[in-house]
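K.L.:
Chain by chain, the residues run as shown.
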Amino acid sequence: DAKTTQPTSMDCAEGRAANLPCNHSTISGNEYVYWYRQIHSQGPQYIIHGLKNNETNEMASLIITEDRKSSTLILPHATLRDTAVYYCIVRVFNAGGTSYGKLTFGQGTILTVHP
Amino acid sequence: KAGVTQTPRYLIKTRGQQVTLSCSPISGHRSVSWYQQTPGQGLQFLFEYFSETQRNKGNFPGRFSGRQFSNSRSEMNVSTLELGDSALYLCASSFRAGDAGANVLTFGAGSRLTVL
Numbered sequence: 001d002a003k004t005t006q007p008t009s010m011d012c013a014e015g016r017a018a019n020l021p022c023n024h025s026t027i028s029g030n031e032y033v034y035w036y037r038q039i040h041s042q043g044p045q046y047i048i049h050g051l052k053n054n055e056t057n058e059m060a061s062l063i064i065t066e067d068r069k070s071s072t073l074i075l076p077h078a079t080l081r082d083t084a085v086y087y088c089i090v091r092v093f094n095a096g097g098t099s100y101g102k103l104t105f106g107q108g109t110i111l112t113v114h115p
Numbered sequence: 001k002a003g004v005t006q007t008p009r010y011l012i013k014t015r016g017q018q019v020t021l022s023c024s025p026i027s028g029h030r031s032v033s034w035y036q037q038t039p040g041q042g043l044q045f046l047f048e049y050f051s052e053t054q055r056n057k058g059n060f061p062g063r064f065s066g067r068q069f070s071n072s073r074s075e076m077n078v079s080t081l082e083l084g085d086s087a088l089y090l091c092a093s094s095f096r097a098g099d100a101g102a103n104v105l106t107f108g109a110g111s112r113l114t115v116l
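Here the protein sequences come in this chain order: A and B. Take the first sequence: its position 76, counting from 1, is numbered 76 in the working numbering, and each next residue is one higher. Take the second sequence: its position 38, counting from 1, is numbered 38 in the working numbering, and each next residue is one higher.
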């Protein structure tokens, strides 16, 4: 799976959009971008994933550049409860393969939302 | 629907002992994966089970083992505990099918093990 690079920490004001970048310059054509977050002392929580098109769900939006070498997770209206470590993960979707349950977590970005 | 349930949530053991942790996946999920999280190493993949068979294994010593039952529930065991085994052990389940959307992991709250 491709390696990702994320800033160590970011701050955001409550109510504002939080834009979390991720660099994955070695991504290959069959690798998806996944985002998870982990609130203190809880298990990681899935947020969103995408291959090459921008994606949006009830939690966030994912913007992937045209060359797919980077992406941005957008939390449109951050709240204090969004304070967490955010992980950007790139992985091969391996239908019928052996890697379904394996995610390679980096250090992630610590997002702190301030009142 | 009920989430991934891990038991016990907290436990304290001494060096040399063994420990068994349990994980009940989301109903219908057939894949269970285990992760170890420590402040120094972060989140690391231990192993994955599907249809009662280990499908993938991380880089951990043989003291770490697991199994999966016919109802998809899983247990992991750590024998001869060392101080460095103190960690949050997380279980995740997934449907494991041919759709990337279904390839999302749902994590439990974890079992926090302290080895004294």
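Just so you know, the hints here were simulated from the structure itself, not pulled from any lab data. Possibly wrong hints are sitting among the right ones.
[To be verified] Cut-off 30 Å, straight-line C-alpha distance, at most; resulting in silico cross-link-like pairs (DSS-like, lysine-lysine):
1. A:Lys102 / A:Lys69
2. A:Lys3 / A:Lys102
3. A:Lys3 / A:Lys52
4. B:Lys13 / A:Lys3
5. A:Lys3 / A:Lys69
6. A:Lys52 / A:Lys102
7. A:Lys69 / A:Lys52
8. B:Lys13 / A:Lys102
9. B:Lys13 / A:Lys52
10. A:Lys69 / B:Lys57
11. B:Lys13 / B:Lys57
None of these values were measured; they are calculated from a predicted model.
K.L.:
Now tell me if each hint is right for this structure.
P.N.:
Hints, one by one, checked against the model:
{"no.": "1", "hint": "A:Lys102 / A:Lys69", "verdict": "holds (22 Å)"}
{"no.": "2", "hint": "A:Lys3 / A:Lys102", "verdict": "holds (14 Å)"}
{"no.": "3", "hint": "A:Lys3 / A:Lys52", "verdict": "holds (17 Å)"}
{"no.": "4", "hint": "B:Lys13 / A:Lys3", "verdict": "violated (36 Å)"}
{"no.": "5", "hint": "A:Lys3 / A:Lys69", "verdict": "holds (11 Å)"}
{"no.": "6", "hint": "A:Lys52 / A:Lys102", "verdict": "holds (21 Å)"}
{"no.": "7", "hint": "A:Lys69 / A:Lys52", "verdict": "holds (10 Å)"}
{"no.": "8", "hint": "B:Lys13 / A:Lys102", "verdict": "holds (28 Å)"}
{"no.": "9", "hint": "B:Lys13 / A:Lys52", "verdict": "violated (47 Å)"}
{"no.": "10", "hint": "A:Lys69 / B:Lys57", "verdict": "holds (29 Å)"}
{"no.": "11", "hint": "B:Lys13 / B:Lys57", "verdict": "holds (25 Å)"}
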